[in-house]
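*Asks:* Here is what each chain is made of, one letter per residue.
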Amino acid sequence: MKVYNPKNIKEALTYLGGKDTHILAGGTDLIVRIKDRDIYPKSIVNIKMLHLDYIKINGDFIKVGALTSVETLYRSEIINTYAPVLSDAVGKMGSPQIRNLGTIGGNIANASPAADTVPPLFVLNAGITLKSRRGKRAVAIGEFFTGPGENIIERDEFITEVVFKKMESDEVWFFKKLGQRKALTIAKISLAFGGRLSGRKLNEVSIALGAVASTVIYAKRTADFLNSKRLTRDVIDVVSKIIQKEIEPITDIRSTVEYRRKMAGALLKQGLLDIMYSVIARQS
Amino acid sequence: MFKEVGKNIQRVDGYSLVKGNPVFTDDIDLKDMLFIKFLRSPHPHAVIKSIDTREAEKMAGVALVLTHQNTPRVPHTTAGQGYPEPSPYDSVMFPRKMRFVGDRVACVAAESPEIALDAVKKIDVEYKILSPVFNPEDALKDGAPIIHDEKDSSGILDPKHNLVGEVEVNVGNLDAGFGEADVVLENRYEAHYAQHTPIEPHIVITYLDENGRLVIRTSTQVPFHVRRICANVLGISIRKIRVIKPRIGGAFGTKQEVYLEYIAAYVTLQTERPAKFELTRSEEFTSRTRHPIITVLKVGARKDGTLTAIDMRILSNTGAYGSHATTVMYNTGSKVLPLYRCPNVRFEGKVVYTNLPVAGAYRGYGATQGYFATESMLDEIAEKIGMAPVDLRRKIHIKEGETSPIFDALGEGKKGIPQVISSSKLPLCIEEGFKLIKWKKKPKEEGKMKRGYGCAIMMQGSGIPAVDMGAATIKMNEDGSFNLLVGATDLGTGSDTILAQIAAETLKVPTERIIVYSSDTDFTPFDVGAYASSTTYISGGAVLKTARKVLEEIILIGEKMLNESKENLKVENGKVVSKKTNSSVTYREIACNALYETNQHQIIASMSHISHKSPPPFAAHFVEILINRGTGKIKVEKYVACVDCGTAINPKLAEGQVEGSIINGISYALTEEFIFNKNGKMRNASFRDYKIFTAMDIPEMKVVLIPSHEPSGPFGAKSVGEVCINGPCPAIANAIYDAVGVRIRKTPFTPERVLKAMGEIEHLKDIHKMENY
Ligand SMILES: Cc1cc2nc3c(=O)[nH]c(=O)nc-3n(C[C@H](O)[C@H](O)[C@H](O)COP(=O)(O)OP(=O)(O)OC[C@H]3O[C@@H](n4cnc5c(N)ncnc54)[C@H](O)[C@@H]3O)c2cc1C
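Chains as they are written, first to last, in full-length UniProt numbering: chain A, 1 to 284; chain B, 1 to 773.
I should point out that these hints are in silico values taken from the structure, not numbers from a laboratory. Even for Gly, the Cβ is constructed at its ideal location relative to N, Cα and C. One or more of the hints may lead you astray.
Only some residues are given here: those of chain A computed to face chain B with a beta carbon under 10 angstroms [to be verified]:
| no. | residue |
| --- | --- |
| 1 | 17 |
| 2 | 183 |
| 3 | 185 |
All chains, please: the whole structure from these sequences, using the hints.
*Replies:* Next comes the structure, spelled out in structure tokens:
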């Protein structure tokens, strides 16, 4: 096994393209797979030295370098202020050790249906920037995943940046994750919610779910139902049933179809109730 | 009163552990070491038709491949227990028949673990597949696949029905008892599989010493049983083997099992090279497990809470081999039923083979599974007769000075020994715990969160009466220090420290003057090992006797040196002092006198100890939980354990055992679960997928030691290592009922199962289907 340690992006790109070439970021997924003898890399391109560890504000947008660690995201004022839904999710990831090593690029590229940064990035409608010797392209996160562990990255490409719009003050959000225990746990189901609220009326609703399908998915029908609806107990009860019908989860070692389905409703309901109560509290 | 006992003396091995000194089995590197890896069966039930190892043997770096074809076939039990062993002889080094997914087909010894792993894959095996049986109830039926049909096994009661053993005892008159009852309830409770997950997996290193004797350095609870079992399986005499137990990274019962040692030893004997055999974490999961037990329990009670009849029937699943099969089954009755005052009791047990992972000893040893049933049932009875759970507990338990006919009727794998409870502070434990939990009868609604309270009482034993034996040797050095040599086995529990404290207290010196060396079959006297909560009580008893003997000798020399008779002498602070003249001789002077001057000899003594009783430690547990009604998740808010372990020789270490048991138990109750595929293969054999509690999950715990004085124990001590694992399952089940009014009679209490019990989800597919077994 050959390990390359390129100093810049251009050099890194020259090593990519081979069949058994793997990119190494934090290694918290990759090394586990190698140890499990799930993959047998011929060469490894370590991208740690590429200066892709940054969080920048660019007008209305936030740009996050692919090598930004989960812990850096969690501690970032910028993320906390302009992408709180992501901030909340990264706070629920792994353990301190994993958060220090794991990167946002790795979490996305790894394409786990349970990846914790992904549902918030769906809600933020993030764009993923990919570079190759052929050039550069951007892909919406909603179009990025093709299956468990599968994505649209070509062999000669890698992720350099994640871009999304700042959340604004009329936006409401939540992220919910159910695991088997408090830390170091993979989601049985996760749900990210975003939308705009005027008075008690919702608009531009976006809902993304983790661990209920082969990739993270949008719950489009459920979101559409909520658009331009006033938040009431009845609406919340109805929508928490709609989402259960919209998804097709599976049973695996972490949970069951029935539980996951039920939880999609329960998590959405809890989150929406919290929003509704805080609106009511503010209004009175 | 005491100077050394009852004090939080620092562990004798504390510094070296913290500094990372090379203290564990794996911390030595020997020249020319070979590394061993298993080839395991992919089938739950199959016979090896042919096995071709040529490709593997040809590989560079492969030293030896072992299969059933080139290893001795000596039926034995892997359970490291007393002799003659109570478990059936149903195992051989490499069987020809595979009995669970993971059974051992072959192993490779190679220059590196990687080569060994690659070589394992090159072994070509042809199997004749047999139909498996996973459900223990099915296993008993006529026509079920017969798992142990080999001719040379022994000690299996009815191999044709996969029945390893059974027991039935009756005391009083059951029918009359139920006749007198105002309420009779009958329910079925199921306690599940679990693994001990010691931080250090099973590991052994073997080598030949400079004289060609076999040395086995192993992470074991039972060094002397390792020596005996290996000698038998290898066909060599005991004198050719030395077993050393270094520091251990946890065991909890799984290392009361001897099954890697003789394979590594065989490799060393064949190749004359050192060999290392370490299980991977995933192998560790199916090394040994807790016996899943189904309990059908029928209890009759009067309106005032008096218990009139208990009928307990258990079916224990020992998996593919019968390690600890009958003894665990007996224990489910013998360590549970005597707690309850009830004149009419029946206990019936059956233990069966299935094509699932092998069960074995696990902290609690059957009692844990039993208490889940009895302590859940008591709450169900309490509700029926309109009594508070804690009031019923106050009423029905055995008290100091009382006995139970069960002690006599049921022992471990055989009849028991009658005994009277000579120490119990259980009533105080219940009162103190009840006070600390601040049980609210009707906690206020908290939105989607529901609060609930639960309790459970429990006991265990201290050693196996008239079976467990420990011995100690103490010798005196010329600086007035003492070598304490014990066969007893410190697993990380701190037993080396408490045994030193017992010696120091008796010899009237500070503990630091005691140099402990333990668990080396060449240099320490015999001890059965660390199990059955025996070390403090049994091995501690041996240390006490030995220290007293040495003290007598010291005084004898003091008499001569001070020219004073015994009656006029006292011993204090490492000196023998004349009560009359106040003149004294120090231990140093006494030792030097004995070694160099008068009547020259080594001051030394060895004593052995057994006990004809097994005084139970008692505990009362109380728990407060919050259930999220939306998600079914349970949060343990507070856990209170009040424990009577007699005198706590080292309170910090005793509390550590209690806290450890509680976390172990809560994790077992809430998250730990074996999930099998339809082939009986464990699907979640990793820490990624088998969730034990992390530091983040640990609730507020309050541990109170309530001392009693056990007259038969060293300085009044009883055991503390196991008893508290019996509480969490029933206490939490009872708290769930208190919170949301549903009774869950099957562990673990996952959110899925809680919601199902609450009628929130219809049925559970797949995931929970298999672990019925
Ligand atoms: C104990 C433990 C706990 C965990 N807990 C969680 C959790 O709670 N939530 C969660 O979501 N995840 C969790 N994970 C998974 C993992 O930590 C995260 O997915 C992490 O973000 C991966 O980042 P990394 O930098 O370590 O990726 P790596 O392991 O370095 O890479 C992962 C994959 O992505 C590829 N890759 C990496 N960077 C790029 C890039 N820039 N462009 C293209 N391909 C790339 C690699 O080739 C590899 O295939 C856990 C892992 C472990 C071991």
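*Asks:* Work down the list of hints and note, for each, if the structure agrees.
*Replies:* Cross-check of the supplied hints:
1. Contact between residue 17(A) and chain B, as hinted, is not supported at the beta carbon level, the nearest pair being about 29 angstroms apart and thus beyond 10 angstroms.
2. Interface hint at residue 183(A): satisfied, since its Cβ lies 4 angstroms from the closest Cβ of chain B, which is below the 10 angstroms cut-off.
3. Interface hint status for residue 185(A): upheld, as the beta-carbon distance to the closest one in chain B is roughly 7 angstroms, under 10 angstroms.
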